[in-house]
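Protein chains in written order, with the numbering used here: chain W, 28 to 193; chain E, 53 to 193; chain G, 222 to 352.
By construction, these hints were calculated from the structure, which means they are not laboratory data.
These numbers come from a predicted model, not from an experiment.
We treat Cβ as the ideally placed atom computed from N, Cα and C, and that holds for glycine.
There may be inaccurate statements among the hints.
[What the hints assert, rightly or not] Listed below are several chain E residues computed to face chain W (Cβ distance under 10 Å; list not exhaustive):
(1) Ala63
(2) Tyr131
(3) Met178
[Said to hold, decoys possible] For the chain E half of the interface with chain W, some residues (derived, Cβ under 7 Å), not all of them:
(4) Ile67
(5) Pro68
(6) Gly81
(7) Phe89
(8) Gln90
(9) Phe101
(10) Ile105
(11) Ala109
(12) Asp110
(13) Val128
(14) Asn154
(15) Val168
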Amino acid sequence: MAVTVLVIARSRNLFGVIVLGGLYSFLMATVLVAMDAVDVAMTEASVGAGISTVLLLGALYLCKSEETRPVQAPWLPLVVSLAVGAVLAYGTLGLPEFSDPKAPIHTHVVPRYLTELKQEVDVPNVVTAVLASYRGYDTLGETTVVFTAGAGVIALLRRRRKDRKP
Amino acid sequence: MRHDVILRVIAKLLIPFILLFALYVQFHGDFGPGGGFQAGVILAAAVIFYGLIYGLADARKLVPEAVVESMMAIGVLIYGGVGVAGLLLGGNYLDYFVLDPNPVHGQHRGIFWVEVGVAVTVSGVMLKIFYMFADRGRVDE
Amino acid sequence: MTLAGTGMTLGGHFTYFITLFLMIAGLFIVIARGNLIKKLVGLSIFQTSVYLLYIAPGKLVGGTAPILSDAFTVYSNPLPHVLILTAIVVGVATLALGLALVVRIREAYGSIEEDEILSLDAAPSRAEQQE
């Protein structure tokens with residue numbers, strides 16, 4: 028996965044970048060399955076590798092496919108991103124270890140979901156139950172965001188066709 | 053790509069199974085991995101696949117633009133409507149317990165319709181975006 | 222292996238380091254590359270690193286996917302899964318919006334390189350100043 032990202036960062040052929048992006052998404056989906064997030068992995072595989080690759084290729088078709096060489100060597104961005112990374116790495120020292128059952132994430136809210144779900148909702152897939160029932164508002168807002176993004180794309184891309192008609 | 057026999061035949065073979073898989077993911081989401089989002093995306097992917105192989109015009113004939121646009125709105129309305137239904141039956145907004153005499157069944161019903169709403173919106177938006185991009189290319193040429 | 226003085230094991234923080242690497246790479250692509258499509262690819266790499274940041278702490282070794290069954294007692298944390306599930310779909314919707322903007326920019330300027338667009342923007346205003 029890291030290699031794929033490095034090649035994406037270096038390559039200037041945008042077509043190659045996009046195909047590698049699809050590959051990267053599949054690798055990420057595999058990692059997510061290993062992390063027990065089957066729902067998320069399924070979404071990542073279909074959305075990341077499927078739809079966004081198609082969209083990127085579609086956009087690429089409308090633009091040119093070669094990236095021009097940057098004028099100066101990218102030292103400043105490299106330093107900035109490494110500095111941000113160093114600060115974040117310092118931050119991770121305070122975080123709980125991988126797979127620590129006593130970490131805060133495992134001790135709040137979730138035990139309630141896992142124990143009382145059976146009586147309250149009785150849907151075996153906890154992710155579905157939490158998504159649609161316990162956090163219905165989140166999902167409603169999020170569906171609205173998707174709708175709004177769709178409306179935005181329509182607003183951006185439709186105007187030209189109207190201009191042409193008269 | 054429109055005249056490649058292999059692609060056309062394979063697409064014809066695959067698309068029914070993709071659609072079936074989308075429905076499975078949608079309605080089996082309570083028991084296994086899956087749900088509205090994934091089903092919506094897979095549904096859209098099936099039609100996009102069709103559009104890529106057979107051309108945009110045929111995909112438009114299969115799923116007309118007006119249908120796609122109304123799908124986007126109808127999904128959100130179904131979701132909101134479930135909330136309002138809960139409200140009318142005496143619960144809070146997005147309260148599923150009141151949808152059925154048995155609260156657990158009410159939950160099932162609420163989750164079912166919410167997932168349907170999500171799937172309809174997501175597939176509508178994805179398809180619409182694909183149509184917009186693909187159509188753009190054709191207009192420009 | 223223990224880091225001196227912190228009592229933390231490197232193995233225990235391995236997922237954080239992977240996340241950080243992806244995050245830095247994404248950030249670098251977004252800042253350093255002038256091409257707008259490349260920037261969006263970088264943005265989505267950054268985004269996937271955030272998915273990993275959320276999902277990784279939820280994993281319990283020996284746990285299984287959060288689908289209730291009598292056969293298992295330990296489950297990985299489902300809450301991050303829910304949050305990231307929605308984040309992915311929102312992510313692709315915003316990606317589409319960004320691409321639509323890129324296409325419009327390409328039509329207006331004839332280029333998707335950031336510096337070319339900036340110089341095109343600067344050119345007319347400089348002409349006005351000289352007048």
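If you test the structure against every hint from before, which numbers come out violated? Those not satisfied are hints 1, 4, 5, 9, 10, 11, 12, 14, 15.
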